[in-house]
Amino acid sequence: MQKLMLPTLLGLAMFAGSVNAAAPLRPPQGYFAPIEAFKTGEAKENCDTMPTPYTGPLQFRSKYEGSDKARSTLNVQSEKAFRDSTADITKLEKDTSKRVMQFMRDGRPEQLECTLNWLVSWAKADALMSKDFNHTGKSMRKWALGSMASAYVRLKFSDSHPLANHQQESQLIEAWFNKLADQVVSDWDNLPLEKTNNHSYWAAWSVMATSVATNRRDLFDWAVKEYKVGVNQVDDQGFLPNELKRQQRALSYHNYALPPLSMIASFALVNGVDLRQENNSALKRLGDKVLAGVKDPQIFEQKNGKEQDMKDLKEDMKYAWLEPFCTLYTCAPDVIERKHGMQPFKTFRLGGDLTKVYDPAHEKGNKGS
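For the sequence shown, the positions run -21 to -1, 1 to 348 when mature numbering (1 follows the signal peptide of the UniProt record, and there is no 0) is used.
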């Protein structure tokens, strides 16, 4: 009898494993929030003129053009050229995020239709897919994908099912996201360690958001792989060697590495992949080091010999990573207090209002939307 039982039990175990592996990918619980209200009457915001789908070469000037290899000195002229040439892409990113937030708050059908029309038009144009790109161009591609896909996840998973009557549009948008994600993987895969920095983490975040939006396990696995490469660069003290090279911007770039890494770990965890302990809790070490550095920038100055430029770090939105981070790890009471003082965190590169997703009890009305 026992001889017969063993293969049966093994078969059941294998079957259970395959069912688990095939479970649809999902975002953290806050993304399932329903639409708050269904308002009628005249809306304050109208659908703006759609930015022209960007189908040209992704060849853009860097805002650090002419800087030395530390890439830390801003070139005002080239930054203006960059902003001008990427204005349509940035408008798509920002307005998609803003309108999804408004729609989740107000439930006006025209807000949803405007967003879907924009995304469908860009999808049909095969926008942002050029194979003619430089480093700044491929960076724009992954930033844009991360912004759009993470805002779209709010629509896709809401318990109000706003996309139920928009299946054709959803298919077009998701097919385009998948193509973009495949290209982002191609753009950023298997870089040498000395070239793997915050850009790779943001690329991985865009792919993670897409994997959940389109239920693609291969994209999910790639994002997890890149996360591991990233956090395994964090040293025992909590520094990232490639960001320390950024001289006076080292602390700022350590902080900039935290949003994509924290979001990836958060999305991975709800899908059964716990990355919190990777490299002896490297993500926690990195977050703690940045918070210590913001209190006392000399920690970073002593490490790389450069007085730190704190301008960027005076903006509350730069700490949006605290929302997922403080659900992954136990944040100290003073960190929680500081987080509450800066909320709500709304940032288009992470898909909008993270306080609504991760800490809805402390969402303070409509400030900053």
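There could be a bad hint or two in this list.
Claimed, not checked - Capping the alpha-carbon separation at 20 Å, the derived lysine to aspartate or glutamate pairs in DMTMM-like fashion look like this:
# : residue 1 : residue 2
1 : Lys293    : Glu257
2 : Lys207    : Asp267
3 : Lys274    : Glu294
Unchecked claim - Quick list of the computed label-pair ranges, beta carbon to beta carbon:
# : residue 1 : residue 2 : range
4 : Asp168    : Leu248    : 21 to 29 Å
5 : Gly251    : Glu89     : 15 to 23 Å
6 : Glu89     : Lys282    : 50 to 58 Å
7 : Cys26     : Ala104    : 26 to 34 Å
Quick caveat, the hints were computed from the structure, so don't treat them as lab data. The model shown is predicted, which means the values in this text are computed figures rather than measured ones. Every residue, glycine too, gets a C-beta built ideally from N, C-alpha and C.
Outcome of the hint check:
1. Lys293 <-> Glu257: It is violated: about 30 Å lies between the C-alpha atoms, which goes past 20 Å.
2. Lys207 <-> Asp267: holds, 18 Å
3. Lys274 <-> Glu294: Holds, at about 14 Å.
4. Asp168 <-> Leu248: 21 to 29 Å: holds, 24 Å
5. Gly251 <-> Glu89: 15 to 23 Å: Hint violated: Cβ distance 38 Å, outside 15 to 23 Å.
6. Glu89 <-> Lys282: 50 to 58 Å: holds, 52 Å
7. Cys26 <-> Ala104: 26 to 34 Å: With a Cβ separation near 18 Å, Cys26 and Ala104 fall outside 26 to 34 Å, so the hint is violated.
This entry does not satisfy hints 1, 5, 7, going by the numbered hints stated previously.
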